[in-house]
Amino acid sequence: SAVISQKPSRDICQRGTSLTIQCQVDSQVTMMFWYRQQPGQSLTLIATANQGSEATYESGFVIDKFPISRPNLTFSTLTVSNMSPEDSSIYLCSVVTVLSYEQYFGPGTRLTVT
Amino acid sequence: TQLLEQSPQFLSIQEGENLTVYCNSSSVFSSLQWYRQEPGEGPVLLVTVVTGGEVKKLKRLTFQFGDARKDSSLHITAAQPGDTGLYLCAGGYGKLTFGQGTILTVHP
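So the sequences go chain by chain: A and B.
Under the numbering used here, the first sequence is numbered contiguously, ending at residue 114.
Under the numbering used here, the second sequence is numbered contiguously, ending at residue 108.
Hints in this document: simulated from the structure, not taken from any laboratory.
There's no promise every hint is true.
Claimed, not checked - Result set (DSSO-like, lysine-lysine): computed pairs, CA atoms no more than 30 Å apart in a straight line:
| hint | chain 1 | residue 1 | chain 2 | residue 2 |
| --- | --- | --- | --- | --- |
| 1 | A | K65 | A | K7 |
| 2 | A | K65 | B | K70 |
| 3 | B | K95 | A | K7 |
| 4 | B | K56 | B | K95 |
| 5 | B | K95 | B | K59 |
| 6 | B | K70 | B | K95 |
Said to hold, decoys possible - Derived coverage of chain B by chain A (criterion: at least 3 residues anywhere in the stretch with Cβ under 8 Å from a Cβ of chain A; other residues may be distant):
| hint | stretch |
| --- | --- |
| 7 | 14-22 |
| 8 | 87-96 |
| 9 | 99-105 |
Claimed, not checked - So, partial list: chain B residues that the calculated Cβ filter (under 10 Å) puts toward chain A:
| hint | residue |
| --- | --- |
| 10 | S27 |
| 11 | S31 |
| 12 | Q33 |
| 13 | Y35 |
| 14 | V49 |
| 15 | V50 |
For clarity, every value in this text was computed on a predicted model and none was experimentally measured.
Virtual Cβ for every residue (Gly too), placed ideally from N, Cα, C.
Isolated chain B, as found in the complex (with noise of 0.2 Å):
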């Protein structure tokens, strides 16, 4: 069974700060996607990572796919209020595993 260990489970910063999430498995997945749920509405993808060692960078998000397409991290840049939500990763292709998730709470 593989399993995604995401860090941190809660996460409550000032606008303009710096914050980054992290991805683990011990496990290898052919890709890893992000994504941001608000409540009451269904995951919105941020990105989709396929390539060990891969960057990608959506406006002030960077995200990042481990070498060994083990780990991943999601870097925000000078959070903002609109950043707030849960975030989840989830590796695999079609059957997704999931993480735990991140509830970031980013106040004015």
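In isolation and in its complexed conformation, chain A is listed as follows (with noise of 0.2 Å):
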């Protein structure tokens, strides 16, 4: 299994702002991934961060509002740009562990855009 840590837990923030959300995880993992979970609503991918690269991103999902970083293997930051109150959301980082199918989700970050 994985632990996986995130920063902040939540956060309010005024239209306009942008919030950089980090992700730590306890052991490596293959891969790292960021989701977005609108109110009453499931999971929908953000993009795949790769490590030492550019992120891949989803259809509906860019770089220049959702810029993300992966130094190495354990830690990944996921940044919401210039927000408005459409991206008021909860957002995971998720990891595939190394050798497995296991997929294992952090606590979330709730993020209110006022």
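Since each chain sits alone in its own frame, please combine them into the complex, following the hints.
Okay, here's the thing in structure tokens:
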């Protein structure tokens, strides 16, 4: 298994500002991802965080809005830029462990944009 | 685009009853995972199934992966209030496709 921590756990931000969310894993993992869960909804994949290179974004998500870094195997950041109330969601880091199909999620960052 | 249809969306039952949640797709998935999520927390992995026809048991929970790897079910026997939560099925490897979720409420 993997233990994932995220910072901050929640934040309230003003429209037009940016927030960077950190994800730290306690062991080396093969893949890291960022998901979004809008209020009352299921989870949607934002992007795959690639170590040492640009993230791979899903349709509807762009780098200018959601820049992602992954400097090493156990750490990644997601920035939500130029925020609007529509960005109010839970943002979740997810990892796939080495030699396993198992995929784990962090506790999430609850973002409210006013 | 792979889609997962999860049903029912809401389930409200009394303690001690049995229930089944279904997850169906027209696409084949390499693996399928079931999660339980409580308010304010991230999804917690319950089980991963990878082989068609596979059945896994976790105490009172039984998970089944269809022979063609297009569908799955979660059966809970003698539900308890502690089983209350959002249950999510997710197909794929890494880039997961999620079902809409089932909100289960078990009343004492």
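Each hint, compared with the structure:
no., hint, in the structure
1, K65/A with K7/A, "holds, 19 Å"
2, K65/A with K70/B, "violated, 34 Å"
3, K95/B with K7/A, "holds, 23 Å"
4, K56/B with K95/B, "holds, 23 Å"
5, K95/B with K59/B, "holds, 28 Å"
6, K70/B with K95/B, "holds, 17 Å"
7, 14-22, "violated (count 0)"
8, 87-96, "holds (count 6)"
9, 99-105, "holds (count 3)"
10, S27, "violated, 16 Å"
11, S31, "holds, 5 Å"
12, Q33, "holds, 6 Å"
13, Y35, "holds, 7 Å"
14, V49, "holds, 9 Å"
15, V50, "holds, 6 Å"
Checked against the numbered hints given earlier, the structure breaks hints 2, 7 and 10 and satisfies all the rest.
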